[in-house]
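Protein sequence lines, in the order shown, are assigned to chains A and B. In terms of this note's numbering, the first sequence is residues 1 to 113. In terms of this note's numbering, the second sequence is residues 1 to 109.
Simulated from the structure, these hints should not be mistaken for lab results. Hints may contain errors.
[Said to hold, decoys possible] Some but not every residue of chain B turned toward chain A, in silico, with C-beta under 8 Å:
| id | residue |
| --- | --- |
| 1 | Arg31 |
| 2 | Gly94 |
| 3 | Leu97 |
From the three backbone atoms N, C-alpha and C, an ideal C-beta is built for every residue, glycine too.
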Amino acid sequence: DTGVSQNPRHKITKRGQNVTFRCDPISEHNRLYWYRQTLGQGPEFLTYFQNEAQLEKSRLLSDRFSAERPKGSFSTLEIQRTEQGDSAMYLCASSFDRGSPLHFGNGTRLTVT
Amino acid sequence: EDQVTQSPEALRLQEGESSSLNCSYTVSGLRGLFWYRQDPGKGPEFLFTLYSAGEEKEKERLKATLTKKESFLHITAPKPEDSATYLCAVQTSGYALNFGKGTSLLVTP
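Generate coordinates for the entire structure from the input sequences, incorporating the hints supplied.
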């Protein structure tokens, strides 16, 4: 069990650019979640995958955000036309089944200048 | 809409000074309540899951309890290494966990 891995750890980009983050979940976990966290706040849910199917998306997830999980393994989160308000820590988590605790990665910190 | 409120927002304790953190929730149909610890620059680390009122879980200096309206995280004789942000989250009918804003705990020697 090597834990949830996220890359890159830090990303600085200019407003209007596209960025993509990657998440590798714990290998036996078929459930994968993306969260966003800003300073002083708890993590906010963005989207959920069970295997390769995206089963739930938050109303917070604008059209500029898209997530994929091809083949039910790793996942990517893309933000198009970034805005300063997108600056945050993007956290990925995985779990074994519903009701099991989520195991989080250490996140990707995005700074939009 | 589900609501999770944690108090206090920040807490400073002397080493050895026991205290409790509170997580109150207003949800329709609680499936589980989770406690996490988060260190600066890191992702949340799982501590406990509680499923029903009256349930208690313990780990080292931490003990979590659950009632129908709130959960407490009791910290007994804390040490400086217990300094972190403690997050509470609830799971209801959906797949996601709904987090509170956390309590930032500082334990001084």
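Now the hints, each set against the structure:
1. Because the closest C-beta pair between B/Arg31 and chain A is about 6 Å apart, less than 8 Å, the hint holds.
2. The beta carbon of B/Gly94 comes within 6 Å of a beta carbon in chain A, closer than 8 Å, and the hint placing it at the interface holds.
3. Annotation: interface hint on B/Leu97 holds; nearest CB of chain A at approximately 6 Å, less than 8 Å.
In this structure, every one of the numbered hints holds.
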